[in-house]
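2 protein chains.
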Amino acid sequence: MVSTLEHPAPETATTVNEPLLTVEKHIIAHQTTIESWFRSEWRKTPAPFYASVDLRNSGYKIAPVDTNLFPAGFNNLNPDFEAICIQSLQLAVERMGRKIDRILLIPENHTRNLFYLENIGVIQSLITKAGFEVMLGSLIPELTEPLTISLTSGSTITLHPVIRNGNTLSINGFIPDMILLNNDLSGGRPPVLESLQQPIVPDLSLGWSTRLKSVHFRHYKEVAQEFSEQIGIDSWFIDPLFRNCGEIDFMKKESNQCLENNVNTLLVAIQKKYEEYGIHQKPYVVVKADAGTYGMGVMIAHSGVELLDLNRKERTRMSTTKEGQKVTKVIIQEGVYTNETWGADKTVAESVVYMIDKNVVGGFYRVHPNKGNNDNLNSPGMQFEPQSFEDCCVSPDKDQSPDTKLNRRYTYGVIARLANLAAAREFVTPHS
Amino acid sequence: MVSTLEHPAPETATTVNEPLLTVEKHIIAHQTTIESWFRSEWRKTPAPFYASVDLRNSGYKIAPVDTNLFPAGFNNLNPDFEAICIQSLQLAVERMGRKIDRILLIPENHTRNLFYLENIGVIQSLITKAGFEVMLGSLIPELTEPLTISLTSGSTITLHPVIRNGNTLSINGFIPDMILLNNDLSGGRPPVLESLQQPIVPDLSLGWSTRLKSVHFRHYKEVAQEFSEQIGIDSWFIDPLFRNCGEIDFMKKESNQCLENNVNTLLVAIQKKYEEYGIHQKPYVVVKADAGTYGMGVMIAHSGVELLDLNRKERTRMSTTKEGQKVTKVIIQEGVYTNETWGADKTVAESVVYMIDKNVVGGFYRVHPNKGNNDNLNSPGMQFEPQSFEDCCVSPDKDQSPDTKLNRRYTYGVIARLANLAAAREFVTPHS
Chain S
1 MVSTLEHPAP ETATTVNEPL LTVEKHIIAH QTTIESWFRS EWRKTPAPFY
51 ASVDLRNSGY KIAPVDTNLF PAGFNNLNPD FEAICIQSLQ LAVERMGRKI
101 DRILLIPENH TRNLFYLENI GVIQSLITKA GFEVMLGSLI PELTEPLTIS
151 LTSGSTITLH PVIRNGNTLS INGFIPDMIL LNNDLSGGRP PVLESLQQPI
201 VPDLSLGWST RLKSVHFRHY KEVAQEFSEQ IGIDSWFIDP LFRNCGEIDF
251 MKKESNQCLE NNVNTLLVAI QKKYEEYGIH QKPYVVVKAD AGTYGMGVMI
301 AHSGVELLDL NRKERTRMST TKEGQKVTKV IIQEGVYTNE TWGADKTVAE
351 SVVYMIDKNV VGGFYRVHPN KGNNDNLNSP GMQFEPQSFE DCCVSPDKDQ
401 SPDTKLNRRY TYGVIARLAN LAAAREFVTP HS
Chain F
1 MVSTLEHPAP ETATTVNEPL LTVEKHIIAH QTTIESWFRS EWRKTPAPFY
51 ASVDLRNSGY KIAPVDTNLF PAGFNNLNPD FEAICIQSLQ LAVERMGRKI
101 DRILLIPENH TRNLFYLENI GVIQSLITKA GFEVMLGSLI PELTEPLTIS
151 LTSGSTITLH PVIRNGNTLS INGFIPDMIL LNNDLSGGRP PVLESLQQPI
201 VPDLSLGWST RLKSVHFRHY KEVAQEFSEQ IGIDSWFIDP LFRNCGEIDF
251 MKKESNQCLE NNVNTLLVAI QKKYEEYGIH QKPYVVVKAD AGTYGMGVMI
301 AHSGVELLDL NRKERTRMST TKEGQKVTKV IIQEGVYTNE TWGADKTVAE
351 SVVYMIDKNV VGGFYRVHPN KGNNDNLNSP GMQFEPQSFE DCCVSPDKDQ
401 SPDTKLNRRY TYGVIARLAN LAAAREFVTP HS
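Protein chains in written order, with the working numbering: chain S, 1 to 432; chain F, 1 to 432.
One chain only, chain S, in its complex shape:
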């Protein structure tokens, strides 16, 4: 049984009256408008196959901080909502608009991360239960024969080397009708996947070797503005401010002048918003690699000068991301305090919402005992304890407070879907 999650007001709650719960109140009150708006947006821009969105909730602000189009962590979802996942998977495949019976799932190459492989086991099982044949194809160059791995849950998965014949990808005797990536292509677009006759989802252009967070958040800003007009709120309540520089090199001190300036400009802008809404918190920013994931190359700063004062170790850490890719672009994003806590000892919690096609299918809290409310809870080696949502965020209850669990889940689902819509627009206009 999942323990209860508490959602205290931020420390400054007694002096902050207006913005607190503004987002939730407006969202709960406008459900029909919101769902109608989403319906018309999804007709214009089809949703990604699947996605997960990291949210931070400071009480006065709820915002997405990362949108992952190759979501791991399906093993952290509540198994009670498996049927929702299965039904959504059927819908997502149906949208491919062609006969699909066999699916090749391509996971990440790291075979020692058992948490990640558990996720692959769950996705494979969901696809099977949805009525498709599914096999796992690996891009590991050294893999020459099937590799069966035992999972902690007791089941096994088998990775197969992929074979390319002309423009057809297969694994021994199994010719898939589509290829589903759960590999974010941080290392670049693999030649073996280029120009295949089989459709690949998500599209290769959405891998982290080409996708930029700043492009995503530019789309998100537009989405947030259009949405906020519908329900009559300042879009800042759901949209983290951000700035970015051109090419930078963390190893060269002079390169960081642009960063310092942008950090300072952003902090001033955040301070102005805090004053507008009477929020007595210290503004901070998060500097992270513009391309990349897994919380590497991430730092927080409360002033621009901190960027100039980095020591060699910190510079090195910021310079490289997953699979050793060099960081040459960063996004500087408004830090959103996480004022949600879990359990009696008030541990900081960050929520992650999962979607398949346009449907919210579940989520969980990352709970990290040793982190503060401005820390990044998705950092390397982080031992978070996932706490799955007990319900599947679909419908608010206007008779309940906007802050009840049910209504907060609906709000999370709305914000996550806004980020999902931004991701959908990225694909339609990739180079905005």
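Since the hints were made in silico from the structure, they are not lab data.
Beta carbons: idealized from backbone N, C-alpha and C, even for Gly.
It cannot be assumed that every hint is accurate.
Stated by the list, open to error - Computed footprint of chain F on chain S; a stretch qualifies when at least three of its residues, placed anywhere within it, have a C-beta under 8 angstroms from a C-beta of chain F:
(1) 32-38
(2) 171-177
To be verified - Which chain S residues stay away from chain F? Per the calculated CB distances, all over 10 angstroms, these:
(3) Glu94
(4) Gly187
(5) Asn359
(6) Ser395
What the hints assert, rightly or not - Simulated crosslink set (DSSO-like; lysine-lysine; CA at most 30 angstroms straight-line):
(7) Lys99(F) with Lys25(S)
(8) Lys282(F) with Lys272(F)
(9) Lys25(S) with Lys326(S)
(10) Lys252(F) with Lys329(F)
(11) Lys253(F) with Lys313(F)
(12) Lys221(S) with Lys99(F)
(13) Lys329(F) with Lys371(F)
(14) Lys398(F) with Lys99(S)
(15) Lys272(S) with Lys221(S)
(16) Lys273(S) with Lys221(S)
(17) Lys99(S) with Lys252(F)
(18) Lys313(F) with Lys273(F)
(19) Lys221(S) with Lys99(S)
(20) Lys25(F) with Lys221(F)
(21) Lys346(S) with Lys398(S)
(22) Lys398(S) with Lys221(S)
(23) Lys99(S) with Lys273(F)
(24) Lys272(S) with Lys371(S)
(25) Lys346(F) with Lys326(F)
(26) Lys44(S) with Lys44(F)
(27) Lys313(F) with Lys398(S)
(28) Lys253(F) with Lys346(F)
(29) Lys313(F) with Lys405(F)
(30) Lys282(F) with Lys25(F)
(31) Lys25(S) with Lys221(S)
(32) Lys405(F) with Lys273(F)
(33) Lys25(S) with Lys272(S)
(34) Lys99(S) with Lys25(F)
(35) Lys99(F) with Lys44(S)
(36) Lys99(F) with Lys99(S)
Based on these hints, arrange chain F on the given structure of chain S.
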């Protein structure tokens, strides 16, 4: 907490080895083939908006006996699977292919059946939770102002008189984008609904004033044959044999000669099948109105002569169906023994499976303490105790016996979807 349902072998189990569980075994083993086949069929013929299917399971045979395109009883489904219903409703509305924000739900006219009105309350709530505005429009001629009715569950529903302006239907100030019928039009096609600019689902032609069970079961026979070829079974295991007469008049004795002959022919055909599979049961048939529902005008017979020997009261009962419609056509269908029982006292149970669009969204058992295993469990005034399915029938587990609850539910979902597909074909080729 729902009590356990037992599924004993039929009395003759010890001598019947082969056909017992044949259907389940083949269905569980062929899940991927089945789902692939359904996917391709739904691409050709879109599923009805919603439907419920009554199933009877004799152990050696599982067959649909009624397919309702205006399903009542949503209040009997397991509320744990509300999210599945909501998601499926969103999909069903999306398939309309136009902007739908406001839905007018038209219920049956009987305002004193609180069980039925509870169903309407649940459908209205599901539609609201799915993010649409929904109001109830009534076809009751005497209704001139809104009528609010308190439900036993504690909530209320309000029926509004419908207003027709040109070819637009509305209720005071509420112009719906679509009209959803939960009224089976037994009394005929209401002129107020003809030639509206708003789409009506299900189509008026699918009301019981025009729809014939014999047409449905003719389509079902084809569907069952195509399906059975896919998984290698005799389609008789899932398809009740049937015959029908032309015009008949129960009040005139001579009119029943055709009935008697057909009953006898059908009984011989059933006996032959029973012998082929070593089933030691007594064949029987069910005679029911070809157009109509609610279990009126239904009788069972073990010999053709019983049709000639009806007394006046029985003739009168068979002559009229819901809303006083005269029965002029009947379908004579193979009786399928219900060898499923509920609880310690082995009460006969009949399952009803609900679908929205092509998705199974739940079901329940009709449990009637005073009925036998060849009785019709949906008869007038029947006080059945609904026992909702504890799970939502989506995916089998090949590692479990075909007779476990999970796998049986999957089988039920498959058979119900076959009936749903037959209904879909009725609409595409209504006069086959």
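We went through each hint and held it up to the structure:
1. 32-38: It holds: at least three residues are needed, and the segment 32-38 of chain S offers 5 whose Cβ sits within less than 8 angstroms of chain F.
2. 171-177: violated (count 0)
3. Glu94: Violated, because the least Cβ-Cβ distance between glutamate 94(S) and chain F comes to about 7 angstroms, which does not exceed 10 angstroms.
4. Gly187: Given that every Cβ of chain F is farther than 10 angstroms from that of glycine 187(S), nearest at about 33 angstroms, it holds.
5. Asn359: About 6 angstroms separates asparagine 359(S) from the closest Cβ of chain F, which leaves it inside 10 angstroms; violated.
6. Ser395: 4 angstroms, violated
7. Lys99(F) with Lys25(S): Holds. Lysine 99(F) to lysine 25(S) sits at ~26 angstroms (cutoff 30 angstroms).
8. Lys282(F) with Lys272(F): The hint holds at about 11 angstroms.
9. Lys25(S) with Lys326(S): Violated, at about 43 angstroms.
10. Lys252(F) with Lys329(F): 14 angstroms, holds
11. Lys253(F) with Lys313(F): 13 angstroms, holds
12. Lys221(S) with Lys99(F): Holds - the C-alpha atoms of lysine 99(F) and lysine 221(S) are around 25 angstroms apart, at most 30 angstroms.
13. Lys329(F) with Lys371(F): 27 angstroms, holds
14. Lys398(F) with Lys99(S): Status holds; Cα separation ~25 angstroms.
15. Lys272(S) with Lys221(S): 18 angstroms, holds
16. Lys273(S) with Lys221(S): 16 angstroms, holds
17. Lys99(S) with Lys252(F): With Cα atoms ~55 angstroms apart, lysine 99(S) and lysine 252(F) exceed 30 angstroms; violated.
18. Lys313(F) with Lys273(F): Violated - the C-alpha atoms of lysine 273(F) and lysine 313(F) are around 34 angstroms apart, more than 30 angstroms.
19. Lys221(S) with Lys99(S): Status violated; Cα separation ~37 angstroms.
20. Lys25(F) with Lys221(F): Within the cut-off at roughly 21 angstroms; holds.
21. Lys346(S) with Lys398(S): Given that 30 angstroms is the threshold and the Cα spacing comes to 28 angstroms, the pair holds.
22. Lys398(S) with Lys221(S): Holds, at about 28 angstroms.
23. Lys99(S) with Lys273(F): 37 angstroms, violated
24. Lys272(S) with Lys371(S): Roughly 27 angstroms separates the two Cα atoms, so the pair holds.
25. Lys346(F) with Lys326(F): Violated - the C-alpha atoms of lysine 326(F) and lysine 346(F) are around 37 angstroms apart, more than 30 angstroms.
26. Lys44(S) with Lys44(F): 25 angstroms, holds
27. Lys313(F) with Lys398(S): 54 angstroms, violated
28. Lys253(F) with Lys346(F): 39 angstroms, violated
29. Lys313(F) with Lys405(F): 42 angstroms, violated
30. Lys282(F) with Lys25(F): Measuring from Cα to Cα gives roughly 25 angstroms; hence the hint holds.
31. Lys25(S) with Lys221(S): 21 angstroms, holds
32. Lys405(F) with Lys273(F): Roughly 28 angstroms separates the two Cα atoms, so the pair holds.
33. Lys25(S) with Lys272(S): 24 angstroms, holds
34. Lys99(S) with Lys25(F): 26 angstroms, holds
35. Lys99(F) with Lys44(S): 12 angstroms, holds
36. Lys99(F) with Lys99(S): OK: lysine 99(F) and lysine 99(S) at ~27 angstroms, within 30 angstroms.
In summary, the numbered hints that this structure violates are 2, 3, 5, 6, 9, 17, 18, 19, 23, 25, 27, 28, 29.
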